[in-house]
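For the sequence shown, this note's numbering gives the first residue as 1, with consecutive numbering after it.
These aren't lab readings, by the way, just hints derived from the structure by calculation. Wrong hints could be hidden among the right ones.
[Claimed, not checked] Here are the simulated distance ranges between beta carbons:
(1) V262 <-> S329: 40 to 48 Å
(2) D291 <-> Q70: 42 to 50 Å
(3) V198 <-> E125: 28 to 36 Å
(4) R294 <-> I271: 27 to 35 Å
(5) R269 <-> G83: 28 to 36 Å
(6) G343 <-> G126: 18 to 26 Å
(7) A327 <-> V262: 24 to 32 Å
(8) A226 <-> T286: 47 to 55 Å
(9) R294 <-> L26: 32 to 40 Å
(10) K118 <-> N258: 31 to 39 Å
(11) K28 <-> P200: 19 to 27 Å
(12) D265 <-> A337: 55 to 63 Å
[Unchecked claim] EDC-like, lysine to aspartate or glutamate: derived pairs with alpha carbons at most 16 Å apart:
(13) K254 <-> E229
(14) K79 <-> E65
(15) K220 <-> D265
(16) K94 <-> E183
(17) K118 <-> E46
(18) K302 <-> E314
(19) K100 <-> E161
(20) K122 <-> E46
(21) K246 <-> E296
(22) K100 <-> E183
(23) K118 <-> D281
(24) K246 <-> E299
(25) K21 <-> E334
(26) K246 <-> D281
(27) K254 <-> D323
(28) K122 <-> D281
The structure presented is a predicted model; accordingly, all values stated were derived computationally and were not measured. Backbone N, C-alpha and C define an ideal beta-carbon position, used for all residues, glycine too.
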Amino acid sequence: MKTLIAAAAVLLATSALAAPKPDNALLKAATAEAPAVTGTLKSLVEVETGSGDAEGLETLGRYLEARFTQSGGSVSRVKPLPGTVGDIIVARWKGTGKGKLLLIAHMDTVYQRGALAKAPFKVVEGDTGPLAYGPGIADDKAGIAVILHTLPLLNARDYAELTVLINTDEERGSVGSGPIITEMAKGMSAVLSFEPTVHPEAMVNGTSGTNTVIVTIAGKSAHAGAAPETGINAMVEAAHVIAVTKDLDRGPGKRRFNWTVVNQDRGVRNIIPNNVTLIGDLRTSTLADVDQFRSELNERLKTPALAGAQVVAEVRVNRPPFDVSPASSALIEEAQAIYGTLGRRLPLMPRTGGGTDAGYAALAGVPVLEFLGLPGAGYHTTDAEYVHLESVPSRLYLAASLIRRLGR
Numbered sequence: 001m002k003t004l005i006a007a008a009a010v011l012l013a014t015s016a017l018a019a020p021k022p023d024n025a026l027l028k029a030a031t032a033e034a035p036a037v038t039g040t041l042k043s044l045v046e047v048e049t050g051s052g053d054a055e056g057l058e059t060l061g062r063y064l065e066a067r068f069t070q071s072g073g074s075v076s077r078v079k080p081l082p083g084t085v086g087d088i089i090v091a092r093w094k095g096t097g098k099g100k101l102l103l104i105a106h107m108d109t110v111y112q113r114g115a116l117a118k119a120p121f122k123v124v125e126g127d128t129g130p131l132a133y134g135p136g137i138a139d140d141k142a143g144i145a146v147i148l149h150t151l152p153l154l155n156a157r158d159y160a161e162l163t164v165l166i167n168t169d170e171e172r173g174s175v176g177s178g179p180i181i182t183e184m185a186k187g188m189s190a191v192l193s194f195e196p197t198v199h200p201e202a203m204v205n206g207t208s209g210t211n212t213v214i215v216t217i218a219g220k221s222a223h224a225g226a227a228p229e230t231g232i233n234a235m236v237e238a239a240h241v242i243a244v245t246k247d248l249d250r251g252p253g254k255r256r257f258n259w260t261v262v263n264q265d266r267g268v269r270n271i272i273p274n275n276v277t278l279i280g281d282l283r284t285s286t287l288a289d290v291d292q293f294r295s296e297l298n299e300r301l302k303t304p305a306l307a308g309a310q311v312v313a314e315v316r317v318n319r320p321p322f323d324v325s326p327a328s329s330a331l332i333e334e335a336q337a338i339y340g341t342l343g344r345r346l347p348l349m350p351r352t353g354g355g356t357d358a359g360y361a362a363l364a365g366v367p368v369l370e371f372l373g374l375p376g377a378g379y380h381t382t383d384a385e386y387v388h389l390e391s392v393p394s395r396l397y398l399a400a401s402l403i404r405r406l407g408r
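Based on the sequences and whatever the hints tell you, model everything.
And the structure:
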């Protein structure tokens with residue numbers, strides 16, 4: 001028995017010696033920096049920056065320029081491709097390390113001006129600690145805040161070059177900034193993307209490609225009361241389109257498809273509508289999935305329900321999917337190991353139905369890590385979007401540790 005006890009004691013002692021330890025100095029600095037994040041979140045949320053809001057995006061762009069300049073960065077504005085509102089803010093720091101890193105986040109939100117008045121910034125006590133609420137706070141103003149407050153934890157030896165890119169059209173598919181992200185990611189040691197994580201915190205095994213499905217329906221107008229039978233009701237045909245395609249959605253973790261918008265040139269009660277446009281949201285895991293969906297959609301719509309109706313379908317690829325490569329998997333393992341030193345877990349969750357700019361970054365052929373923002377919930381819900389402030393010190397520690405390990 002004494003021998004067994006002694007052996008157990010040696011084993012426990014060996015395990016204790018082998019247990020990973022956090023960088024206490026960095027953890028102390030991250031903990032000291034954390035309270036300031038709440039004030040930054042308030043400043044960011046109280047500038048309304050819905051995609052396409054030129055005034056709000058310009059205001060927040062100037063704010064970010066000032067913050068990055070205060071942190072010693074060389075700041076420039078990059079014009080997006082035509083059709084996108086708001087300049088991309090790019091900040092750069094030169095160091096004495098070895099790695100070149102790109103950090104990305106976005107300043108635009110899904111909320112139109114006026115959302116803040118209905119759901120002002122607030123901090124309330126939740127079951128797991130304080131929660132900060134506000135339109136766009138999780139997606140993705142908290143990601144920007146994490147970047148801003150990670151910068152003071154770094155020094156020149158932590159990287160050879162550190163670049164931060166904040167774009168203005170992520171919620172519209174980054175059609176004006178995606179190719180720029182891909183180009184800037186080329187040659188980087190890694191790209192770190194600061195979209196929100198879930199709660200409990202996790203890493204993600206990939207993000208979905210986002211695509212737009214457009215079906216235009218042409219009918220024939222007629223008087224709705226006197227001679228409706230002489231017309232071709234485009235709205236009735238649109239209902240048929242929806243009915244025969246609704247099962248093209250394959251459910252959680254698979255291909256997602258939903259009709260989300262209905263438009264017509266004019267809507268008058270007593271006129272049989274002669275045109276309707278349906279717009280749908282398609283999420284895919286590969287580009288081949290888009291081709292498969294297009295084929296299935298065309299098959300379903302090849303025979304209109306109403307004689308004489310014309311139905312034309314189009315599938316537009318917006319943002320590419322992000323597939324975790326072996327190099328990206330190594331980054332996930334690194335992040336999990338860093339969090340493990342804090343006694344916290346970062347399990348790997350399946351591909352999310354959301355699309356992110358990680359897909360554009362990955363086209364550069366470099367390692368990409370997603371979900372480095374704050375844990376949150378209620379994205380795209382106006383009055384119920386929030387982040388968990390309890391996690392701020394550990395998220396700052398994680399971001400700074402990753403940059404140090406990759407940059408040194």
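Here is how each hint holds up against the structure:
1. V262 <-> S329: 40 to 48 Å: Distance hint for V262, S329 holds at roughly 42 Å.
2. D291 <-> Q70: 42 to 50 Å: 48 Å, holds
3. V198 <-> E125: 28 to 36 Å: 21 Å, violated
4. R294 <-> I271: 27 to 35 Å: 33 Å, holds
5. R269 <-> G83: 28 to 36 Å: 35 Å, holds
6. G343 <-> G126: 18 to 26 Å: Distance hint for G343, G126 holds at roughly 21 Å.
7. A327 <-> V262: 24 to 32 Å: Violated, at about 43 Å.
8. A226 <-> T286: 47 to 55 Å: Cβ of A226 to Cβ of T286: about 52 Å, so the range 47 to 55 Å holds.
9. R294 <-> L26: 32 to 40 Å: 49 Å, violated
10. K118 <-> N258: 31 to 39 Å: Violated, at about 25 Å.
11. K28 <-> P200: 19 to 27 Å: 25 Å, holds
12. D265 <-> A337: 55 to 63 Å: 57 Å, holds
13. K254 <-> E229: Not satisfied, since the Cα-Cα distance of roughly 42 Å exceeds 16 Å.
14. K79 <-> E65: 15 Å, holds
15. K220 <-> D265: Given that 16 Å is the threshold and the Cα spacing comes to 13 Å, the pair holds.
16. K94 <-> E183: 19 Å, violated
17. K118 <-> E46: Since the Cα atoms of K118 and E46 sit roughly 12 Å apart, the hinted pair holds (cutoff 16 Å).
18. K302 <-> E314: Roughly 13 Å separates the two Cα atoms, so the pair holds.
19. K100 <-> E161: 5 Å, holds
20. K122 <-> E46: Since the Cα atoms of K122 and E46 sit roughly 11 Å apart, the hinted pair holds (cutoff 16 Å).
21. K246 <-> E296: 12 Å, holds
22. K100 <-> E183: 14 Å, holds
23. K118 <-> D281: At roughly 27 Å apart (the allowed maximum being 16 Å), D281 and K118 break the hint.
24. K246 <-> E299: 14 Å, holds
25. K21 <-> E334: 14 Å, holds
26. K246 <-> D281: 12 Å, holds
27. K254 <-> D323: Cα-Cα ~14 Å, so holds.
28. K122 <-> D281: 32 Å, violated
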